[in-house]
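Once you have looked at the hints, place chain B on chain A.
The listed protein sequences correspond, in order, to chains A and B. Going by our numbering, 9 is the number at position 9 of the first sequence; the sequence numbering is gapless. Going by our numbering, 1432 is the number at position 432 of the second sequence; the sequence numbering is gapless.
Hint data in this document are derived by calculation from the structure and do not stem from the laboratory. Please note: incorrect hints may appear among the correct ones.
Short derived list, chain B residues pointing at chain A, Cβ under 7 Å [claimed, not checked]:
1) LYS1385
2) SER1387
3) SER1388
4) LEU1389
5) VAL1393
6) ASP1414
7) ARG1428
8) ILE1432
Note that the Cβ used here is the ideal one computed from N, Cα and C, for glycine as well.
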Amino acid sequence: MRSKDDIARVILRTVGETLAAKGHPRLNLDLASPVDERLGLDSLDWAAVVVRLEMETGIDPFAQGMTRELRTISDLVDLYVSATVS
Amino acid sequence: MLAQHFDSMPIHAEENPAVMSRDVTMTYGALATRGNILTERWRALAGLRVCLAVREPENHIAAAIALDRLQCRMVLAGDRSLAEIRALADQLNWQAVVWNVIDEPELLNQVRVDETAAAGAVTLLTSGTTGRPKAANHTWATLAGPVRRDPEYQRARWLCAYPLSLYAGTQVVLQAVLNWSALVIPSSLEPVPVARTMRLAGVTHASGTPTFWRRLLLFASPDDLRACRLEQITMGGEAVTQPLLDHLSDRFPETRLVHIYASTELGRLFSVTDRQEGFPAMWLDEPQERGIALRVLHGELMARSRHAMVSYDQPGLTAPATSTNGEAEGWTATGDLVERRGDRVVFRGRKSDLINVGGRKVLPLTVEAVLREAAGVRDVRVYGKGSSLVGQVVAADVVLADGSEEGLVRAAIDRIARDRLARHEVPRLVQIVESIAHTRAFKVVRSEVG
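This is chain B alone, in the form it adopts within the complex:
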């Protein structure tokens, strides 16, 4: 699908910028040529299960075009360490790794895997913060399902603040590539250089996690942010909170704000654009899109999705969350806890993030929302810290606002927490930190090791 798309490139698109990264701009014509060269060079890989570990964004895409043309099952490994890739290759029976576009691909395992439907197959690794990632089999066609195509998008410049190998990253890549628009990849996701890149590259559409946007608003240069001409801000990967939406609305009043709800396994389920947190409860009865169904069961959002992966790639690993019996039959649990408030369904956090304080469950997002209101708190992360006496205690990492005094902030946090939260929800361990720990996918770390 990807290779055919490039084969059908209209002449006028050849000069369009495809990838802007590290002060280099590569056009669609040049990207297609590089894809052709790699196809010739990598003939020996035809039909194999190949791990794509190329780091530079333009080469990552050129390599994906080549591997698609060679009918490989490609596994997007992202910027994992060499040791990690080797371990995964062994577990998941990969046959070759392409580390870059210069050296010969490394052949790992000569045993052919009987794979009849590999054409167009892409395997994504989940961004799980603990344990080994799960490998989700998609195809370029299932990944491209949610992409909006519109000739208007040709002049768009998409900033992608996700690793290109994750589900959200592939969505931004396809959104740009399938519309022949430019993909802007910042050299780092630190707020200051990102805001400068957005300004200098003339970014019109920008995608990142809520954590990414919160950090950008807090730490980027206000001058750079003011000079950005963003038409659309897209968020995904974590729950979007009302204070963040309000803050973005203040800073970018003309910009369309989009919250995309998706997962590696289920694909994109819906997008919300009304600047309110959560989503309209009517979508539980009438989904936003054909082929998507949502329901709430015991406080958890369940879904059926036509954009879902085909299967897991690990032998013996079936989709564990899809029930085969009872009232949940045929539905996949999303792992997200939700609550209906009037005509809205709002997110309360990940089921796996719940903190267990002596048998009572605490939602980190609820505690964070209160702590953010304490004077002198610039940013905050709430998580459970293991305790021999009560299972877990609620812990908070806090970034101080400029010029605030630690003792006063601690007192303000304690006061607001005791006023507004239940006794077991009050953070008992408060650490002052320089910045909030986030994962490679720019989500807040919820485990105690940050």
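Same shape as in the complex, but just chain A:
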């Protein structure tokens, strides 16, 4: 099983690469970064991030029907951690 740190690292890297590929690299991406439009990813980018995370970690909380309010990367990490446990 992956640790929370491990999951956080994978999520930050995947989001960072997605931003870089769009030509919006963010040097200060961290757990407190918002996941709304201020970050620069649209809903389809997020869909792709979720697909990539699933390919890498085997976890897809949304396919398991899990939902919760997501404001920051940290919330996303928590969601993935709870999906790992369930």
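The following block gives chain B in isolation, referenced to the frame of chain A:
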């Protein structure tokens, strides 16, 4: 029909090369003799439903001659695995398999199937990339319907880049055999050896999918391609795009370019030779050939064809796409989406290849055409990747051009995609790959597993 054709071989054709493959050339005289030997050896198979699983091209044809003479219904299995053939044999009630020309045929099922019209019958398996293939019943006569016969073709050498067991492969085989011209079968369909074979064997006519030709232009040795003396290039099995036609025209300016539109079920519907993608819209009113009719219904090409198969071979499976009511009655849906642009009808892709992004449909060919223009992109494949949030997201596999840098190519792809495509059409998952996944029939794989 095939056996009679060989029985009527003119003396001058006996020395003509029939099959050139693996550095071996077999003449028509030798091929006929091998067919006769197999007929004697396989007497016990007379009238049965026999699966033809012989791999070497010359033996595949010799076996087909023998099974035709023995009035078998032959099923062309191609180079499927043993397990796959056994499973199909069970489902489709085959009675024997000929694996090669040396061992005894394997008898599978002693129950006789009541089949009164088996003479000359050939069953082809569709090249579907998913699920179980469909078995389409043709006859050698329906398959030979579209073949052009001309004494001029006797000196032709046809390269066949399709598996011989598929519809397109049987067309090339018959085109060569019925004209007593040579069939050239490369040992592999990789671009480098194919181009070398074309050059060394003196190929004059070559047939393959657009994917095959695109790969050949990209990866074969330019010296080999320059040395080829091709009179005709034939493409089929996938939509032919204008950039590919332009690229082929540049590389082979003297060569006739032919795009054949056909399917296993409907047979050949038309061929286009004017170096433009799509086909003339006037053919919707006045078909190119008698017995063929085309129309467009809700964006999909529909057809009636005199070269169509007789039936499906599976019990209970009727041609699902042929409508029996409403405005489509009597027409078979081709599964190809088309669009009328002025006096032209152009192909937009397979209906089954549509990507569904949150309810909005994306055509892979549209996205590919744009991505191909990005600097540093050598080849590309676009497909849908399943997504728990939006159904599917658009994904692209990209082969980098020599010396290009991944980061720059990714940025170029993103820029051109955002400039030229709708938001939902922009590929969100871009993978850099060594080569583009293709099927055994050399078509681009559209499912996400490549």
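Now the hints, each set against the structure:
1. LYS1385: Where the cut-off is 7 Å and the nearest Cβ of chain A is about 6 Å from LYS1385 of chain B, the hint holds.
2. SER1387: 5 Å, holds
3. SER1388: 4 Å, holds
4. LEU1389: 4 Å, holds
5. VAL1393: 5 Å, holds
6. ASP1414: At about 6 Å, which falls below the 7 Å cut-off, the nearest Cβ of chain A leaves the hint on ASP1414 of chain B intact, so it holds.
7. ARG1428: 3 Å, holds
8. ILE1432: With a minimum Cβ separation of about 12 Å from chain A (threshold 7 Å), the hint on ILE1432 of chain B is violated.
Violated hint: 8 only; the structure is consistent with all others.
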